[in-house]
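Student: Spelled out from the first residue to the last, the chains are:
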Amino acid sequence: MNSTHPDMLALITTLKMAGITTVILMLIGTPLAWFLAKMKSRGKVFIEALVALPLVLPPTVLGFYLLLLFSPQYLPGQIWQETTGQQLAFSFSAIVIGSVLYSLPFVVQPLQKAFEQLGDDLLEAAAMLGASAFDRFFTIVLPITKASFITAASLGFAHTVGEFGVVLMIGGNIPGETRVLSIALFDHVEAFDYAQAHVISISLVISSLVLLSLIYLLNRPNKSRPKSSKPAISKSVISKRHN
Amino acid sequence: MADLSINVRVEHEDFVLSINEKISLTGITGIFGHSGSGKSTLLKVIAGLDKHVQGKLAINDLPAADALLDSEAKIFVAAQQRNIGLVFQNSRLFPHLTVEENLRYGQKRRNNTSVNKPLDFAEIVVLTKLDNLLSKSVAQLSGGEQQRVALARALLAEPRLLLLDEPLSALDDKNKSLMLTLLAKVQKQLNLPMLYVSHSLAEIQQLANNLLVLSSGKVTHYGDIHQVIHLLTTNNEILHQTSLSLTVQEHLVEYGLTSLVLGDQQILMPLNQQIESDANTNTNVRCIIAASDISVTLHEPSESSIVNHLQGTITKFEPCKSQVLLTVNCSGQDFFVNITAWSAKRLSLIVDQKVFIQFKANSVRTLR
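Keeping their order, the protein sequence lines are chains A and B.
With the working numbering, letter number 206 in the first sequence gets 207, and the count goes up by one each step, no holes.
With the working numbering, letter number 323 in the second sequence gets 803, and the count goes up by one each step, no holes.
It is worth saying that the hints were derived from the structure and are not from the lab.
Quantities reported herein were computed from a predicted structural model and do not represent experimental measurements.
Positions of the beta carbon are idealized from the N, C-alpha and C atoms, including for glycine.
The list that follows gives simulated cross-link-like pairs (lysine to any residue, SDA-like), each with its CA atoms no further than 25 angstroms apart:
#1 LYS668(B) - HIS731(B)
#2 LYS39(A) - HIS492(B)
#3 LYS796(B) - LEU726(B)
#4 LYS531(B) - LEU37(A)
#5 LYS840(B) - GLN745(B)
#6 LYS616(B) - ARG137(A)
#7 LYS524(B) - VAL142(A)
#8 LYS554(B) - PHE495(B)
#9 LYS41(A) - SER520(B)
#10 LYS39(A) - LEU529(B)
#11 LYS39(A) - LYS524(B)
#12 LYS531(B) - PHE138(A)
#13 LYS39(A) - GLN569(B)
#14 LYS588(B) - VAL666(B)
#15 LYS588(B) - VAL142(A)
#16 LYS825(B) - GLN838(B)
#17 LYS588(B) - LEU577(B)
Far from chain A, by Cβ distances over 10 angstroms, these chain B residues were calculated:
#18 HIS492
#19 PHE556
#20 ALA650
#21 ALA664
#22 GLN667
#23 HIS701
#24 LEU719
#25 HIS720
#26 PRO750
#27 VAL765
#28 ALA771
#29 LEU805
#30 SER823
#31 ILE830
#32 LYS834
Same shape as in the complex, but just chain B (with noise of 0.2 angstroms):
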């Protein structure tokens, strides 16, 4: 299995990137981390557009090993021939050149040596739902469909590694949210591995399957991606959430409610049109569950407009100042709860204890 090594020093002026770290090119590895935290510049070492840099860089396909950097032997091999894609925050289309103009300049330079057959144009064109937009020029797209054309072109250079820095950041929910599906669709259709950096964790939540955590300059976090949510939670370095990845069971359109398996238990959430409508290609929702929004009783209510109510068992209480994180495990899923010191001590909780967990429909939150 491929994998990305990464071994390197960057110096500007205020600010010291130093990475050592071994990223598996599977699926999608997202990079979060506030800004400064030296996401992109590792993009950009990544891509070869960051030329200040010391250390190694190599792309382990084994039992091949392909150098891009190595500072000591004086390799430093330039981003055209790195055979990498980027689609950028801002989408740089080529203005001078229409939609299929754009596209074909990374299909004519693309790299011909890999063994695999060449890209149908035409099927990524459908794919990125452009078929109309061909003979435009850049300027009359919209916002989301400009990040489109980014996304095609960069896929028709065929590149054996698509990094995204924030592709997502400009635009609004509505095509956040497309832009979203669409990325998941490409990367299962393509089996492209793919770096996605973004300052937003919601975003990242809902594409990757794995995250690594940078902060000033350095990486404090790498592995599956709930678990470093997990992670995350604990140490109270993020807002305490439940981050889940979970199967539809159905739809209940005229409830507009989906509901997903848990084990045995199920947990509704609203119904999402995108989820609903890509039914064969989303039959997993990833989902974020707020601490804040789950609450604790002891007994199954039964006369409740809280639809979710799951059973599970305290495996942790942790008190932090008036309030008490609980992390309850139901179905095999630990769920995070915050609840405040008084109710904790008025229900008398303790590790092991069997309880119930709520939560609203509405609490069940995606991007999708």
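Isolated chain A (complex conformation) (with noise of 0.2 angstroms):
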């Protein structure tokens, strides 16, 4: 295979897609976790449900309402298309902000997990010590949170390797765009070119055993270590997902 290859194309699509998708991740799912953990009042149930809609919601009627919400008739669409002059639908921006929210729970969940398990006790006594609310996530949170960043960080991105339903309804098939791996696979599987379908199939079953066997690898539960340090991680959101 070389690079002009469509479905070496569908792989670069799709590692930029799960790449973008899982800093965005990163980015947004951190605060949100940190918020959740430390939330305390009612409302906190109804966002927590609303993070987790992704892991129960077939992907293609988040994929169908997103496909309206982007399309130009309506106001995100419409403003998108004002701004930077292109049609969000179709386009390989659309395929990211849906990995975003479907994989968002992904990413949320251990991450929350981590940060109730941390507790306050380490971060007021590292507030006594002097330490800003920037120092104590840099110093505190993070390194003993390591193992579960990691895991969120994995897990948002195979995730959204893995996914098919929402990119399918939100972006089409469009090559170098949003073309990906599990469409290609569909694709050829229509075509009933079964060789290639195995070559797709057997390479995203062994690279994902592969991702998740790292991810039990560093969770595995470790005697010398303290408990606060031990990532979180359920198994259910693994064994959730769909695609």
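Put the complex together from the two separate chains, hints included.
Tutor: Have a look at this one:
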């Protein structure tokens, strides 16, 4: 396979989409998880449910509503078109936004759990030693919950790579723009090109297996490590993958 | 002289803390109260960790007054900017850092505006006996060691005031005694004002020169430690006891006794390793004698195994059911004595009568 091969192009698009999505997810998911971990009001359960919605909803439902919102007939799509000069629906940006929403729980849940486990004790101690909020985040929170950050990023990335329904609804199948591996695979199957479908499928199975094994390896309970540094990962999050 | 003026009100669901008091920031001030009295809440308010607080809080180091809180003027200085240290009950060491890194954490962030020269890292490490532990991970430390690291870490941040929230409650007796000695030494050497919260009056009595008593969110007493304990005793708020601070005369090692000076008389107590080995810094001994451990005789006992007998005058006679609480003044020091009403009648005790009080060396108690 060379770089002009359509499947190679799909792989590059997939990695680009998953990479950008993961970066955005970490930037949005971290403060959101922190906010949820510290939140005490009753509104918390509603926001938690909202974040977890993509876990139970068929991806096509999310894709359908996003498709509507992204189209120039609706305000978000309209604003996008006015500011960028391009249509949002069926663009690379659209599949990144869709992926961010769709993979959000995979990033927020492990982080929220880690922050809840960490508690306030060490943060109060650090504050009493003169550490500001930012200082506390980078010198206490991040090093202690490092494994959960790696888990969150890996799950967000892997889940985005494996996405199909949302991308199909809002991205279509534009080579180099929105044609990702899962859609390329679908194309091969439709065209009865099972050989090529196997190549994509088996590579996805193996790479996903390797990535998940690494996550579980990282999360293996380690008795020599203090309790609070144990990363939080809920197995249910992983097993609930749809695609 | 610096003081901490507190005029605050904290309202939690079923608890109100309302304090208006000026605490002198010299030596160690004990804050005593039963659980639920609000002593930990008060400490959190001073630390800046409790944000649901109304009122004013300021450190006055005349002529400057430094407001930490003024809810009317919308001033709330964040905990990390107050330059106040806090040693928690659970040491709260950072698990991902070694002992030395824990100590450096506070040192790196210390407030450099103070005119004093910075504390010497090695000096604090030696003082807190951590020199052999620096490279260890905090999970490898014993409870006593962890609390010493927590103390050293707080000291190295060079606070202007150190708060201690039940710092001994998780320690066994031996470590308690070591930590008490260490705290007294640290206070003396660094001249750092401390507020020491505890539900154990015995602990506070060992260290504090002033005592603030809290009950249901209000200050009930504040003043000199021995006077407040005296007051608590006469008010029947605590077990009747005499709180003393006496100078060591000599250690009678072969008898396992230490003699203490009381005016022209002396008191013998069991020899204490801590006090003996720290002879230079511990010329003063804080001790407590329970009122029920003291008895009264009309003549000086000459053939008794009880080693302590002091001459004194009855200054107060308070009958209480079948008991009598006597206050006997011996060489200027008031002693509380609990005897039965029957004994009081048999000896026909009255105020201004000259008597002898006697107690065993073992009834002179200290936590050291």
